[in-house]
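Engineer: Sequence order for the protein chains is A and B.
Each residue of the first sequence is one higher than the one before, starting from 1 at the first, in our numbering.
Each residue of the second sequence is one higher than the one before, starting from 1001 at the first, in our numbering.
Treat the hints with care, as some may be off.
Said to hold, decoys possible - Restricting the straight-line Cα-Cα distance to at most 27 Å, the calculated cross-link-like pairs of lysine-lysine (DSSO-like) are:
(1) A:LYS76 x A:LYS119
(2) A:LYS19 x A:LYS134
(3) A:LYS119 x B:LYS1076
(4) A:LYS26 x A:LYS119
(5) B:LYS1134 x B:LYS1019
(6) A:LYS24 x A:LYS135
(7) B:LYS1135 x B:LYS1119
(8) B:LYS1076 x A:LYS76
(9) A:LYS76 x B:LYS1119
Think of the hints as simulated: they come from the structure by calculation, not from any bench.
2 protein chains.
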Amino acid sequence: MFVLGIDPGLSRCGYGVIKIGKPKEKAVSAGVIRTSPNEVTSVRLFEIRNEIRTLISEYRPEVVAIERVLFQRNVKTAVSVSQVIGVIMVEALDADCEIAEYSPTEVKLAVAGYGGAQKAEIQTMVQLLLGIEKKLDPVDAADALAVALCYSANRSMVAR
Amino acid sequence: MFVLGIDPGLSRCGYGVIKIGKPKEKAVSAGVIRTSPNEVTSVRLFEIRNEIRTLISEYRPEVVAIERVLFQRNVKTAVSVSQVIGVIMVEALDADCEIAEYSPTEVKLAVAGYGGAQKAEIQTMVQLLLGIEKKLDPVDAADALAVALCYSANRSMVAR
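Chain A with its partners taken away, still in its complex shape:
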């Protein structure tokens, strides 16, 4: 099964598709959807929606896993990230995907083993877990793969 992980953002929205399987997960695709701050918000959301629609129709994930907005961030960012999350949720449901949401701490815990892990550690662990040799760039792509891996980790815990 395929899982699409999302690190949501209006300027940069990371995505990562993994295949859950034995003996371990494989990275299928990862990247970043960028939108221009010169565009109005509605157009930027529309562009993200279209890119997500293309990704879902290409990879047919069963699950879309999304990182929750961090309340501690500044409110303006919280607003735009929330808008992105809302748009992606509806697009995912439209395509009959299951939706999973994880806090940043849950993602860090699942991928690096502790909730206080730094960006660089997450990046390294994602590469290790997925057997990716070259450095994952940009970091939003690694973060999105981490969200997808978080779904996978929680799923195996439930299965045990």
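Since chain A is already given, all that's left is putting chain B on it; use the hints.
Structural biologist: Just chain B, lined up with the frame of chain A:
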């Protein structure tokens, strides 16, 4: 031309359709989309999206006017309201509607003449401006009509 005004919210999302014309605006439809707190957010957003889609296909508004999220509100509310706004924006663009956004203060200013107007004053002014005799209930419907009227007021200012 028709304008769809939105007072966005996850539990209660007010909507109001007005027809802009001479000698004055007319109310066409108003109400509230309610979703249950027992449902997960994604399903609630999906329901709101479907209702908005129905309204747009029924009334074919040229403009969807949306009240901005109030930063001072608590963050949890800001997140859910922002999610609703994002979903509605994309749906409106999908239907080739123009999108207008107004702050609560702009809406109050346009409808009641001052930015500090109370809920009840807005309700009364909306009824007066649209020639509605019976009390607008619930208040979310009146608020949504106020947002649509705000678009109309700003439009005539630009035209002058």
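Engineer: It remains to establish, for every hint, whether it holds in the given structure.
Structural biologist: Here's how the hints hold up against the structure:
no., hint, result
1, A:LYS76 x A:LYS119, "holds, 22 Å"
2, A:LYS19 x A:LYS134, "holds, 19 Å"
3, A:LYS119 x B:LYS1076, "holds, 25 Å"
4, A:LYS26 x A:LYS119, "holds, 21 Å"
5, B:LYS1134 x B:LYS1019, "holds, 19 Å"
6, A:LYS24 x A:LYS135, "holds, 19 Å"
7, B:LYS1135 x B:LYS1119, "holds, 13 Å"
8, B:LYS1076 x A:LYS76, "holds, 13 Å"
9, A:LYS76 x B:LYS1119, "holds, 25 Å"
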